[in-house]
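Quick note, the sequences are listed as chains A and D, same order. So the first sequence is numbered by this note's numbering: it starts at 760 and just counts up by one. So the second sequence is numbered by this note's numbering: it starts at 30 and just counts up by one.
No lab work stands behind these hints, which were simulated from the structure alone. Treat each hint with caution, since some may be false.
[As the list claims (entries may be wrong)] Derived pair list, reagent style DSSO-like, types lysine-lysine, alpha-carbon separation capped at 27 angstroms:
| id | chain 1 | residue 1 | chain 2 | residue 2 |
| --- | --- | --- | --- | --- |
| 1 | A | K942 | D | K441 |
| 2 | D | K421 | A | K1058 |
| 3 | A | K1025 | D | K421 |
| 4 | A | K809 | A | K840 |
| 5 | D | K421 | A | K942 |
| 6 | A | K976 | D | K469 |
| 7 | D | K525 | A | K976 |
| 8 | A | K942 | D | K469 |
| 9 | A | K1056 | A | K976 |
| 10 | A | K822 | A | K809 |
| 11 | A | K1056 | A | K1025 |
| 12 | A | K1017 | A | K897 |
| 13 | D | K525 | D | K469 |
| 14 | D | K421 | A | K1052 |
| 15 | D | K441 | D | K561 |
| 16 | A | K1088 | D | K366 |
| 17 | A | K1088 | D | K421 |
| 18 | A | K964 | D | K441 |
| 19 | D | K421 | A | K1017 |
| 20 | A | K964 | D | K525 |
[To be verified] Computed far set for chain D versus chain A, every beta-carbon distance over 10 angstroms:
| id | residue |
| --- | --- |
| 21 | D235 |
| 22 | G565 |
| 23 | S727 |
| 24 | R737 |
[As the list claims (entries may be wrong)] Over 10 angstroms on every C-beta distance to chain A, these chain D residues come out as not near it, computed from the model:
| id | residue |
| --- | --- |
| 25 | G218 |
| 26 | A227 |
| 27 | G367 |
| 28 | L450 |
| 29 | A480 |
| 30 | P554 |
| 31 | A570 |
| 32 | D629 |
| 33 | P648 |
| 34 | L736 |
On a predicted model such as this, the values are computed, not experimentally measured, just so you know. Every residue gets a Cβ at the ideal spot worked out from N, C-alpha and C, and that includes glycine.
Okay, here's what each chain looks like letter by letter:
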Amino acid sequence: MYTVPKLDDYSPGALDRAAAELLRALDDETTSLHNESDWRAFRDRWLARKNGVLTQVNDTWLKAAPGPAKRDVGQRVNALKARVEAAIEEAQGKLHASTSDAKLLSERLDITLPGIQRPIGVRHPVLRVMDEIVAVFKAMGYSIGEGPEVETDYYNFESLNFPPNHPARDTQDTLFISGQEQKPTRDRLLLRTHTSPVQIRTMEKQPPPVRIVIPGKVHRNDPLDATHSPVFHQVEGLAVDANITFCDLKGTLDHAMKTLFGSSVKTRFYPSFFPFTEPSADMQVSCIFCGGKGCRKCKFSGWIELLGCGMVDPNVFDFVKHNGYDSSKISGFAFGMGVERIAILKYEVEEIQLFYEGDVRFLEQFA
Amino acid sequence: MRIIAGWLRDFVDIPADDRQLAEALTSAGIAVESVQEEHGQTVYEMDLTTNRVDAMNHYGVAREASAIYDVPLKAVEPKLPAAKVPRAAPPSVSGPIGMTSLADQMEAVATSLETDTFPIVIEDAQGCARYTARIVRNVKIGPSPQPIIARLELLGSHSINSVADATNYALNELGHPTHAFDLDLLEGGTIIVRRARAGETLKTLDGIDRNLTTEDLVIADAKKPVALAGVMGGFDTMITERTRNVLIESAWFEPWTVRSMAKRHGMHTDASHRFERGADYGITPLACDRVAELILHSAGGGLHGQPIDAVARRLERLPVALRTSEVRRNLGVEISKGEIERILGRLGFGVMAAGTAAPAVDFTVSIPSWRLDVEREIDLLEELARIYGYNKFPNSLPSFVGAVVELPHEAKISRTRETMLALGYNETISITFIPEPEAKAFAGFEALVLANPLSEEAGSMRTSLLPGLLNQIGYNLNRGNSDVRLFEAGEVFERKSDRHEERRHLALAATGDVLPGTLHSAPQPYTFFHLKGDIGELLAAFEHQSLQFGANAQPYLHPGRSARAMMDGETVAVFGQLHPEQAAARKLRQDVYLAEVMLDRLFRHALRDPRYCRISKFPAVARDFSFVFDDAVTWEKIALAVSELRIAQVMSLRPAEIFLGEKVGTGKYSILIRAEFQSQERTLRDDEVADWASQVISKLQSLGGVLRAQ
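The task is simple: from the sequences and hints, build the whole structure.
In structure tokens form, the structure reads like this:
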């Protein structure tokens, strides 16, 4: 064990040798520390006020130093003091590190075991797609509209240019509310067969210009099976202003489809018939699965029919003429798409009824 | 409907193959759904829109091809031998027919008929505007010639006999429904078009006896109805092998009359399909002559007398003014005047340059009799657009200045959906219809009932979202999905005496475990208090002064495990465990928890604005109180009693533990209550806390609580 020697020679060389010896002893002792109590004894031996090594150094070397050497010795002792304190601190750190390593090693988990999951719920795939479509049009400046599911004949048919008894009404498979016989035809209640009634409801409330997108639930007299549902969803759109043209209709829908399905998607339009638009069109998108090359999804045509649209028929404007809709001054376009159809395409769901059974094995796939 | 490509080429020289033609037609709105090769012929399966009844035949489709390819359309000109009595020359429909001149011509013919032996009387001019007829005598009924049979079979019709086939062939060629009667079975030598008389019956061609109403339009002879006008002929006057003499009917019946009649009798025929969509008023003589030509060709015999053409009223088609400025304003492009004349002319419209009287108008366009769907300038624009080609129009985006307006409740509904998702409920959509008894059982108000429901189980509009969710819970349990949490936001419907209401509700349904058992943790079953906690989480998002939970009286819920939540005194939610009897009736073998939140009421409250409250720098002190109470003393009463002490430093009060059992005694429970005291200003002193604790104790003792040893 190291003891502080008395110094006879206060020359720098002798002082260097004495300091080196002391530091060597310090090093030796730090290597033989195994636990906390070793370290404490070590610390006390070097730092204790009474008889600690540094105290002895102070007493034996500095106090005994002759006058001219005092300054040099004092500086050397201070430096040694700092070295000793640092060594003690370092020794403690090393000691802690080695014990906690062992402890942590013993606390090791198999992190490949499954975690505890607290599942969050999943948005319904149809509503998810509906939200996506609405967001696309919202970004194009369309406000959101809504209307009732139980409608009058007036809003669902008459004001959309379906005259009473018109064969076009047959295509809608309408569900009617009972007990309406006493009312005039236009006031009779039915379940809206499309979201288009909200076009008129919006124009009644608001003079042009109008830019509105209407998500909503509609009903038809189709029993639930693999390809039909009495309940489904549509997103309707309407834009009315001075100088809205057929080119604007095409451009708007083309832009929306590129946003929804990717910029490589193409659109094309075919003449169609809806009583409330003239000219009317069906819009197809290039197949989002095969890129237009032809696959099972698009029945090898390269195209998928997605929505109906057209320029608002002047007869429809006539029903809201009092609110600024003069068809000789303004024009507009309207479009409507089936949300389930898009969801079915997008997620490759085989049967529409899956959307309405609430099977969690189905729903949870759309997380 | 099917179209044979080769038949189209009888009328127009098409510079394209059959597949190219199919695509071109589809692009012009005459949709060819599929193209098939059958017996060496190209057959198109068509999918025509309801407004284009004029194109539901070969000549009509050929006319479209003539416009698309800008090639002439050949006229249909039946070659008839001279009749025994001289007659007027038959008209043809190769080009636009000026209705006025045609009608004048017909009137002349009709006048000359008065001397004929077979008068036609149109008693009902509203239902029947025109009735053209011809008589062919001495026919020999047999099979049709092979080319006719082959074409009919390609179209999917069976050959019947030479005369019936002639009417069917002409229908597919020209689109006009005609009918052939056995002349000798018509009594009294006359045809009368009239409404049926009360009590009259008619056996139609399909062998069914029909009871007629006074709204039915019939073709009658002197004694009896012989056909349902525009729908189906009569059984007793049909062509048979014994038929020798034939009366050909080619008439124009009014769409609504035919449609309502077809609906009333539940019949949908090729004839009614066309008449109810609007047949060609001008074609009746030509169709009649074409059928006559085919009969003479297939069944022999000879024409007898003149064509008979009774016109009860004329269908006037007003000419339409067309402005190129409107073409530009609506379609967004210029279509040259030459192109306009070419397209409309090929489609059979008469296009004349407008006079100087109306300088803004470029053309006056006369409308052909077969285009009942065209009556306005905008209709002409569609004709131009579709033949010009929709896909030739450039894409553009309209300019717009304005703000996007959200739905009034958008933020609230989003918040509600997000909360439910975060709480682990899957979003679902159930069918809007429920059985009438359930509509009653799940709501205290009257339901909207459907007049034509899908089924008895779907007889009523839902009054509650719960029956739909219960069905889905059952569906899941039956498939082994035992842990299910669902929510739906949707409308419920109430019938009021003179009106109805549609209100938005939210429903929750849960069964099984909240957290399934894992290697690390035991399963945590879903309980009433999970439900209550989730409701609390949802309601906390909305501003309110008070929120209370009261016992609930919903008959479909467990009477001891159900509640209502009242926000500022109004019930905003009912919830609890499904009544065991309801569960048994639905064969649900697990406890099911349900909640219905009246979003219409909840959404009258604003979304909660977050508020900051300073966090105390001083330590909190907890005190426990152990009491025994009668069961009648609920936690709500305990909490209320402590709050009545109005000790501002009570930061929280909660039930820490509850014990039941023999030691406590029946009808009683033991509860450990933990209160926390804290001040914003300073560290609390022991004597203060001791004082508040003794106030709490004496207050709880006043509720009948017995303090247990501390």
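Hint check results:
For the suggested pair A:K942 and D:K441, the alpha carbons sit about 37 angstroms apart, so the restraint of at most 27 angstroms is broken. At most 27 angstroms may separate the alpha-carbon atoms for a hinted pair to count; D:K421 and A:K1058 meet this at roughly 25 angstroms. A distance of roughly 14 angstroms separates the Cα atoms of A:K1025 and D:K421; the hinted pair therefore holds under the 27 angstroms criterion. Of the supplied pair hints, the one linking A:K809 and A:K840 holds, its CA atoms being roughly 15 angstroms apart against a limit of 27 angstroms.
Proximity of D:K421 to A:K942 is assessed by CA-CA distance (about 48 angstroms); at most 27 angstroms being required, the pair is judged violated. Taking the CA atoms of A:K976 and D:K469, the gap is near 24 angstroms; set against the 27 angstroms cutoff, the hint holds. Simply put, D:K525 and A:K976 have alpha-carbon atoms about 22 angstroms apart, close enough for the 27 angstroms limit, and the pair holds. Between A:K942 and D:K469 the CA atoms are separated by roughly 25 angstroms; this keeps the pair inside 27 angstroms, and the hint holds.
Proposed proximity of A:K1056 and A:K976 is supported: the alpha carbons are some 26 angstroms apart, at most 27 angstroms. Only pairs whose Cα atoms come within 27 angstroms are accepted, and A:K822 paired with A:K809 is accepted, the gap being roughly 16 angstroms. Straight-line distance between C-alpha atoms of A:K1056 and A:K1025 comes to about 16 angstroms, which keeps the hinted pair within the 27 angstroms bound. At most 27 angstroms may separate the alpha-carbon atoms for a hinted pair to count; A:K1017 and A:K897 meet this at roughly 15 angstroms.
As the CA atoms of D:K525 and D:K469 are separated by approximately 14 angstroms, the hinted pair is consistent with the 27 angstroms bound. For the proposed pair D:K421 and A:K1052, the alpha carbon gap of about 22 angstroms is at most 27 angstroms, so the pair holds. Of the pairs offered as hints, the one joining D:K441 and D:K561 holds, with about 20 angstroms between alpha carbons and a cut-off of 27 angstroms not exceeded. Using a Cα cut-off of 27 angstroms, the hinted pair A:K1088 and D:K366 holds, with the two alpha carbons roughly 23 angstroms apart.
Using a Cα cut-off of 27 angstroms, the hinted pair A:K1088 and D:K421 holds, with the two alpha carbons roughly 25 angstroms apart. With a C-alpha separation of about 23 angstroms, the suggested pairing of A:K964 with D:K441 holds against the 27 angstroms cut-off. Distance check on the hinted pair: D:K421 and A:K1017 sit about 19 angstroms apart at the alpha-carbon level, within 27 angstroms; holds. Between the alpha carbons of A:K964 and D:K525 the distance comes to roughly 25 angstroms, so the proposed pair stays at or under 27 angstroms and holds.
No beta-carbon of chain A comes within 10 angstroms of the beta-carbon of D:D235; the shortest separation is about 21 angstroms. Distance check on D:G565: its Cβ is at least 17 angstroms (rounded) from any Cβ of chain A, clearing the 10 angstroms threshold; non-interface status holds. Taking the minimum C-beta to C-beta distance to chain A, about 43 angstroms, the non-interface status of D:S727 holds against the 10 angstroms cut. The non-interface label for D:R737 is consistent with chain A: the shortest C-beta to C-beta separation is roughly 37 angstroms, beyond 10 angstroms.
Against the 10 angstroms criterion, D:G218 stays outside the reach of chain A, whose nearest CB is about 36 angstroms from its own CB. At the 10 angstroms boundary, the C-beta of D:A227 stays outside the reach of chain A, the nearest C-beta of that chain being 22 angstroms off. For D:G367, the shortest C-beta to C-beta distance to chain A comes to about 21 angstroms, beyond the 10 angstroms cut-off, and the non-interface label holds. Against the 10 angstroms criterion, D:L450 falls within the reach of chain A, whose nearest CB is about 4 angstroms from its own CB.
Distance check on D:A480: its Cβ comes as close as 4 angstroms (rounded) to a Cβ of chain A, failing to clear the 10 angstroms threshold; non-interface status is violated. Its beta-carbon lying about 15 angstroms from the closest one in chain A, D:P554 satisfies the requirement of being farther than 10 angstroms from that chain. No beta-carbon of chain A is positioned within 10 angstroms of the beta-carbon of D:A570; the least distance is around 16 angstroms. Once the 10 angstroms rule is applied to beta carbons, D:D629 is consistent with being away from chain A; the minimum gap is 13 angstroms.
With a least beta-carbon separation of about 31 angstroms from chain A, D:P648 lies farther than 10 angstroms from that chain, consistent with its non-interface assignment. No Cβ of chain A comes within 10 angstroms of the Cβ of D:L736; the nearest lies about 40 angstroms off, and the non-interface call holds.
Hint compliance for this structure: hints 1, 5, 28 and 29 are broken, all remaining hints hold.
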